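Those protein sequences? They're chains A and B, same order as listed.
Per numbering that gives the first Met the number 0, the first sequence runs over residues 0 to 251.
Per numbering that gives the first Met the number 0, the second sequence runs over residues 0 to 453.
If you're looking for bench data, these hints aren't it; they were derived computationally from the structure.
Quick caveat, the model's predicted, so the values are computed rather than measured.
Incorrect hints may appear among the rest.
[Unchecked claim] Derived contacts from chain B toward chain A, CB cut-off under 8 Å, selection only:
#1 T390
#2 K396
#3 T397
[Unchecked claim] Below, computed lysine to any residue pairings styled on SDA-like, alpha-carbon distance capped at 25 Å:
#4 K328(B) to R439(B)
#5 K420(B) to V87(A)
#6 K73(A) to E2(A)
#7 K164(A) to H391(B)
#8 K441(B) to E104(A)
#9 K107(A) to F442(B)
#10 K73(A) to N388(B)
#11 K107(A) to T444(B)
#12 K138(B) to P78(B)
#13 K349(B) to G144(A)
#14 K420(B) to P86(A)
#15 K107(A) to S392(B)
#16 K4(A) to N220(A)
#17 K104(B) to P78(B)
#18 K164(A) to K138(B)
In this text, a Cβ means the ideal position worked out from N, Cα and C, and glycines have one as well.
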Amino acid sequence: MIEIKNLHASVNGKEILKGINLKVNAGEVHAIMGPNGSGKSTLAQVLSGHPAYTVTQGEVIFEGQNLLDLEPEKRAHAGVFLAFQYPVEIPGVSNSYFLKAGLNEIRKSRGEEELDSMQFLKMLKVKMKIVEMDPSFIHRPVNEGFSGGEKKRNEILQMAVLEPKLAILDETDSGLDIDALKIVSSGVNKLKSPQNATIVVTHYQRLLNYIVPDFVHVLVNGRIVKSGGKELAMELEANGYDFIREEMLQAS
Amino acid sequence: MDEKIMPNKNDHYVSEFEAFQKNGASKSPLWVNDVRTSALSVFAERGFPTTKEEDWKYTNVSAIAKSPFTYSSGTSGIPAGLVASLLVKDLEQYVIVFINGHVSKEHSNVEGLPDGAAVKNLIEAYVTHTDIVKEHLAKYVPFNKNPFTALNTAFINDGAFIHIPAHVEVAKPIHLLFISTQKEGKQIASHIRNLIVVEEGAKVNIAHSFYSAQANSNLTNVVTEVVAKKRSTVELVKVQCESDLSYHFENLYVHQSHESRVHVFSLAVGGAIARNDMSVIIDGESTECNLNGLYITSGEQLIDHHTFMHHIHPNCPSHELFKGILMDKSRAVFNGKVYVEPEAQKTDSKQTNRNLLLSDDAVVDTKPELEIFADDVKCTHGAAVGGMNETHSFYLKTRGITEGSARGILTVGFAAEATQKIVHPELRHHVDVIVVDHLRTKFGTANLPDIVHA
Chain A
0 MIEIKNLHAS VNGKEILKGI NLKVNAGEVH AIMGPNGSGK STLAQVLSGH PAYTVTQGEV
60 IFEGQNLLDL EPEKRAHAGV FLAFQYPVEI PGVSNSYFLK AGLNEIRKSR GEEELDSMQF
120 LKMLKVKMKI VEMDPSFIHR PVNEGFSGGE KKRNEILQMA VLEPKLAILD ETDSGLDIDA
180 LKIVSSGVNK LKSPQNATIV VTHYQRLLNY IVPDFVHVLV NGRIVKSGGK ELAMELEANG
240 YDFIREEMLQ AS
Chain B
0 MDEKIMPNKN DHYVSEFEAF QKNGASKSPL WVNDVRTSAL SVFAERGFPT TKEEDWKYTN
60 VSAIAKSPFT YSSGTSGIPA GLVASLLVKD LEQYVIVFIN GHVSKEHSNV EGLPDGAAVK
120 NLIEAYVTHT DIVKEHLAKY VPFNKNPFTA LNTAFINDGA FIHIPAHVEV AKPIHLLFIS
180 TQKEGKQIAS HIRNLIVVEE GAKVNIAHSF YSAQANSNLT NVVTEVVAKK RSTVELVKVQ
240 CESDLSYHFE NLYVHQSHES RVHVFSLAVG GAIARNDMSV IIDGESTECN LNGLYITSGE
300 QLIDHHTFMH HIHPNCPSHE LFKGILMDKS RAVFNGKVYV EPEAQKTDSK QTNRNLLLSD
360 DAVVDTKPEL EIFADDVKCT HGAAVGGMNE THSFYLKTRG ITEGSARGIL TVGFAAEATQ
420 KIVHPELRHH VDVIVVDHLR TKFGTANLPD IVHA
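Please model the complete structure; the sequences and the hints are all you need to start from.
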């Protein structure tokens, strides 16, 4: 589905990603773990096309297209979705308007009919059950006055509505209590299918108890230094990231 | 060039004044005439302000000084259906309409007001509410400080008069609607004088709207005095949507007694040059004032807000949030002064001014002024000027929303943070619709959301 080759990216002239290689197939869940400042969130943002980052080398092929050539909205149309670590509050614009605007742009780009308000609301109500969201959230302004947990649930609701091929979850577990974590993870699991893929970016292993990855990659200093199965996450949880650094030192 | 040495311009108003004295002015009592004469002599001596004066540093009114505006002695016709289109939709409201500063009874309807409450024009109130008018009219706003106020006071004649007796709660909003229209191809000056007296424990919501009947370059020069007696609650929502060619000035002066609560909101989108001077005198303990506003400028418009929050007594909160959206080569000024007297301990005052610049050529001058003479107070202020937030815009685009829509949606969101301060739900919705309609003309219809409320 997506193949990242030797990806280098910088922000304000400082190189953050220093040659990422990663291949994700449909039906797979990949976890990207790493210490603070290793470049995890940068990778998520670069894949979605945040304008603050400059790609200096490498390429990303998504479903046969060169992803890096596309504007952020075109990437969304192609099927890439980013669940934000810090979702933005938009006072004065209702959640339903916001989601309908996005969904209809995506449908248009696929040559599908736009949904009218009735069709949209009917679909939205079904999707809201996936993240156990109260129907009152439909008319509330986007993320405004939402708790940390509600914002993250709202991200997963957006994912449920937009039905991306590739969902990138950036620190979706941060700021969640255990109940919210369960709801959010169960939402993500319900949306999993053999046709889509998920990249979970996280600092802690905790989330991976609920969203079980097929592959775990450890990102240190802008490079993937170790890959493995879900047991790698356990190892990191038990030993911290230092053991990876030690392994790297020994290797060099 | 010092514009003050253009006595001929002031002479224009002196001769206008003489004509006015002969025609129309006689409808008001003699004591009003004394006030007028003193105000005229202040204006004749001073003339229009220049940018050399600190208060007018960023607002050059020489275009107004150079235009000989004509006092209109009566109303004019306005297009059929205009008034209906400007009312708050789907809401019963008491309406009083003024055209070029003169009451239009045919467009007004204040049937069904609670017993004792009055909504009428000032000329009528001179007769029916003689004592109240005499007690309050021109007693609050000093006319020697602001030349536009001096000019307004010289031409005091008509305007809106509201009196809400003690403990009366007016359930429906009162809508004061001021329409400026062309007359015989002249630039018309309307000097509108409003007096709003809300007695002890009374409650009222007032919409205060200004429109032009067509693209005209008239001058609307308003002075509004609001007296909020103890434990009263007053909300005043101003909407200024005059023509982009017009000139609009208002000096709003609010006098609050103890435990009163006042909410003022100002939406300003019209005028080539528009300025709101808004002063609140917090003259009583445990009094609350909320003064908020939103200005949207485009083309070469200049919109100026000067606020003055005067804390005299202890334990009073005051909150100010003014937001600005600037496009093209437009300009805005915000000057917010908070003055805390030595006795005003435990004052809790917060002032914020945020500006969204959507063009590299737009300019905003923002200046907070805090003068605090009490030692146990909490006073904060903040001013911000910036462009569209890239991260916010990125968030919307990752949901498939196009660049143009993202800008439109975020601009509406920026505005909504200010309009949310309006307490009355229908008035808030009314203002939100005006804001979105106005922004649609700038951003394109496809790029702006329908409003859906919480």
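Structure-based check of each hint:
1. The criterion of a C-beta within 8 Å of any C-beta in chain A is met by T390(B), whose closest approach is roughly 7 Å, and the hint holds.
2. Because the beta carbon of K396(B) sits about 4 Å from the nearest beta carbon in chain A, less than 8 Å, this interface hint is met.
3. Proximity of T397(B) to chain A holds as hinted, the smallest CB-CB distance being about 5 Å (cut-off 8 Å).
4. For the given pair, K328(B) sits about 18 Å from R439(B) by alpha-carbon distance, which is consistent with the 25 Å threshold.
5. A C-alpha spacing of about 21 Å is found between K420(B) and V87(A), which places the hinted pair at or below 25 Å, so the restraint holds.
6. For the hint pairing K73(A) with E2(A), the CA-to-CA distance comes to about 18 Å; that is within 25 Å, so the pair holds.
7. Between the alpha carbons of K164(A) and H391(B) the distance comes to roughly 23 Å, so the proposed pair stays at or under 25 Å and holds.
8. With a C-alpha separation of about 22 Å, the suggested pairing of K441(B) with E104(A) holds against the 25 Å cut-off.
9. At roughly 21 Å between alpha-carbon atoms, K107(A) and F442(B) fall within 25 Å of each other, so this suggested pair holds.
10. Between K73(A) and N388(B) the alpha-carbon distance is near 20 Å, which keeps this suggested pair within the 25 Å criterion.
11. Restraint check for K107(A) and T444(B): satisfied, since their Cα atoms lie roughly 18 Å apart, inside the 25 Å limit.
12. Annotation: proposed proximity of K138(B) to P78(B) is violated, straight-line Cα distance about 37 Å (limit 25 Å).
13. This hinted pair checks out: K349(B) and G144(A) have alpha carbons roughly 21 Å apart, not beyond 25 Å.
14. At roughly 24 Å between alpha-carbon atoms, K420(B) and P86(A) fall within 25 Å of each other, so this suggested pair holds.
15. Pair hint K107(A) plus S392(B) holds up; C-alpha atoms about 20 Å apart against a cutoff of 25 Å.
16. As the CA atoms of K4(A) and N220(A) are separated by approximately 17 Å, the hinted pair is consistent with the 25 Å bound.
17. Taken as a hint, the K104(B) and P78(B) pair is honoured in the structure, with Cα atoms around 16 Å apart against an allowance of 25 Å.
18. Proximity of K164(A) to K138(B) is assessed by CA-CA distance (about 70 Å); at most 25 Å being required, the pair is judged violated.
Consistency note: the structure conflicts with the earlier hints numbered 12 and 18.
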